[in-house]
Amino acid sequence: MTHWPYIAASYAIGVLLPAALGIAAWTRSAAARRKLRAVDPRLLAREAARRERAA
Amino acid sequence: MDTLSTLGPTELPRRGRNLHRFANPGRFLRISGTVLPWLAVGGVAITAFALVWGLCFAPPDWQQGDTVRIMYIHVPAAWLASAGYFSLAVCAVLSLVWRHPLADLAAQEIGPVGAVFTAICLATGSLWGKPMWGAWWVWDARLTSVLVLFFLYLGQIALIRAFDDQQRGYRAAAILALVGSVNLPIIKFSVQWWNTLHQPDSITLTGAPTMDSRILWPLLFAAIGYTILFAAIVVARLRAAVMERRIRALLLARVDQQAPA
Chain A
0 MTHWPYIAAS YAIGVLLPAA LGIAAWTRSA AARRKLRAVD PRLLAREAAR RERAA
Chain B
0 MDTLSTLGPT ELPRRGRNLH RFANPGRFLR ISGTVLPWLA VGGVAITAFA LVWGLCFAPP
60 DWQQGDTVRI MYIHVPAAWL ASAGYFSLAV CAVLSLVWRH PLADLAAQEI GPVGAVFTAI
120 CLATGSLWGK PMWGAWWVWD ARLTSVLVLF FLYLGQIALI RAFDDQQRGY RAAAILALVG
180 SVNLPIIKFS VQWWNTLHQP DSITLTGAPT MDSRILWPLL FAAIGYTILF AAIVVARLRA
240 AVMERRIRAL LLARVDQQAP A
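As they're listed, the protein sequences go chains A and B.
For the first sequence, numbering that gives the first Met the number 0 assigns the number 0 to the initial residue and increments by one for each residue that follows.
For the second sequence, numbering that gives the first Met the number 0 assigns the number 0 to the initial residue and increments by one for each residue that follows.
It should be emphasised that the hints constitute simulated quantities derived from the structure, not laboratory data.
Source: prediction; values computed, not measured.
Wrong hints could be hidden among the right ones.
Partial pick of chain B residues on the chain A-facing surface, computed with a CB cut under 7 Å [as the list claims (entries may be wrong)]:
#, residue
1, 121
2, 122
3, 227
4, 239
5, 242
Don't be surprised by glycine CBs; every beta carbon is placed ideally from N, CA and C.
Pulled out of the complex, with its shape left as it was, chain A reads as follows:
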């Protein structure tokens, strides 16, 4: 009897679940960074200064 289905299922679990966790963490972090950039007056001022310097 082949044991490969058990091995394949284990590798699928071991790869997909951490990948899902990683992608979720990255997405959440990117969304928080975007929101923070929109509401943080210090970041807004810093970005405005940068834009001014560039112009």
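Fit chain B to the given chain A structure using the hints.
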């Protein structure tokens, strides 16, 4: 951020001052922003390398055949399940004793990641047990104590969200993490204290490993890769949590300013 700002310098416990110096959320975001890409890329690369090595190039076991390849997922997941809970206990001490402002947030973010790795350990153990023992599950001491660990993680996650006052939730979860850490030595020594179907440890700190080096090396790489990946996921989640807390504080301050006196 807001927790830190409520504590004046004279209110900090004397021995905890150094800890608080490293707990500044702004500093954490700066340092973690530099470290995180390296952790993520390193973790993915080492884990992928180890898994391909284990799956395609490592030799089969003389007794278990190819089924031993499940070990390259199962053992790192088991190690991280215990290590994750140990880090929860460390966060609990930092929170309860020194009121470390990032400890509660770290515990909140480690809990779900640790629970997922415990679930991976249980699921892959089950997938390994069926062809080897002829059963998906047995009420063996090692398996049962890891299942208890999984429930402790679920309890910790639930407790943090169970109170309207978040500080009470953090405190209750910290106490559960400390009490639950009693389970860690039980997991570790269960295979020595009781007659179990689960095999005894193949790698110990004191003795030589009982497995062939061609099987041992990919296992060590898998353990290192998954550990770095675990750290990267926790750091990314913690960064998001710190930023979300800052957003909440800023929006609340804005509402307070706009409210009529």
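Status of each hint after checking the structure:
The beta carbon of residue 121 of chain B comes no nearer than 10 Å to any beta carbon in chain A, farther than 7 Å, and the hint placing it at the interface is violated. Given the 7 Å rule on beta carbons, the hint for residue 122 of chain B holds: about 5 Å separates it from the nearest Cβ of chain A. Given hint, residue 227 of chain B at the interface with chain A, is violated; its Cβ is 11 Å from that chain's nearest Cβ, farther than 7 Å. Evaluation of the residue 239 of chain B hint against chain A yields a held restraint, the C-beta minimum of about 4 Å falling below 7 Å.
A hinted interface residue such as residue 242 of chain B counts as satisfied when its beta carbon comes closer than 7 Å to some beta carbon of chain A; here the least separation is about 4 Å, so the hint holds.
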